[in-house]
Amino acid sequence: MNETNTKTIRFPAHAGRLPSLGIAQKIGAFFLALLLIAAVNVVLVERMMQKSDSVADTINVAGKLRMLGQRVALQTMNHGNGVGAGEVEVRQLMRDFETGLAALSDGGYVFGMYIEGLSSLHRTRLDAVREQWTVYRRSAHQLLQEVGRYRNEAGSLAAAAFAARGSVNMLMEDMASQSTRLLERTETLMNGILVDV
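If you're matching positions, the sequence shown starts at 1 in our numbering and goes up one per residue.
Treat each hint with caution, since some may be false.
[What the hints assert, rightly or not] Here are the simulated distance ranges between beta carbons: (1) S54 / Q142: 31 to 41 Å; (2) L74 / R130: 14 to 24 Å; (3) Y109 / L74: 22 to 32 Å; (4) D106 / A85: 22 to 32 Å; (5) N41 / T180: 39 to 49 Å; (6) L21 / L121: 50 to 60 Å; (7) Q92 / A38: 48 to 58 Å.
[Said to hold, decoys possible] Here are the computed lysine to aspartate or glutamate pairs in the EDC-like style, where the Cα-Cα straight-line distance is at most 20 Å: (8) K51 / D106; (9) K64 / E89; (10) K51 / D196; (11) K64 / E187; (12) K51 / E116; (13) K64 / E98; (14) K64 / D96; (15) K64 / E153; (16) K64 / E184; (17) K64 / E131; (18) K64 / D106; (19) K64 / E116.
For the record, the hints were derived by calculation from the structure and aren't laboratory data.
Since the model is a prediction, treat every value here as computed from it, not as a measurement.
Ideal placement from N, C-alpha and C gives every residue a C-beta, glycine not left out.
Based on the provided sequences and hints, a complete structural model is requested.
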């Protein structure tokens with residue numbers, strides 16, 4: 001018959017064996033492991049919250065640009081109709097818009113918040129907003145100049161004032177269409193920031 005020839009190798013009983021742990025040491029090790037897991041969890045959640053706050057501030061600034069673009073149009077048209085705060089407020093709103101746009105591009109403090117500049121991933125959308133802002137700003141400046149000219153001529157010659165009023169109305173229509181385009185581009189930027197987080 002076939003016999004299996006196996007030899008058993010025996011190691012000393014204490015070799016390779018850890019000293020026996022009592023129940024207190026096992027419970028202590030378990031709680032130490034739980035403490036370590038909890039500490040890692042707290043650090044991760046804190047970092048995620050900081051990132052979330054940073055993204056929220058960036059979206060707030062982009063939303064503020066959207067609102068400022070609409071406000072510039074409203075105040076400029078009100079100024080053209082002789083209502084509202086006037087040219088000084090419009091120019092301040094335009095400076096606020098440019099400050100916010102620069103902060104989105106380069107980072108920094110704006111509107112009481114610190115934001116980091118947008119990554120190159122958002123550069124195309126940011127450039128589209130900047131390009132539309134240039135056209136929009138030019139339209140606002142033309143309207144403000146034409147309103148000033150209209151008001152100067154209104155007192156002197158009625159026919160010249162009527163012609164200037166027609167020009168003001170055309171510029172208001174242009175301003176409204178530019179405002180719509182700026183609104184679309186700032187919304188696209190905001191949506192891009194939300195999607196690409």
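| query | Which of the listed hints are not met by the structure? | reply | 15
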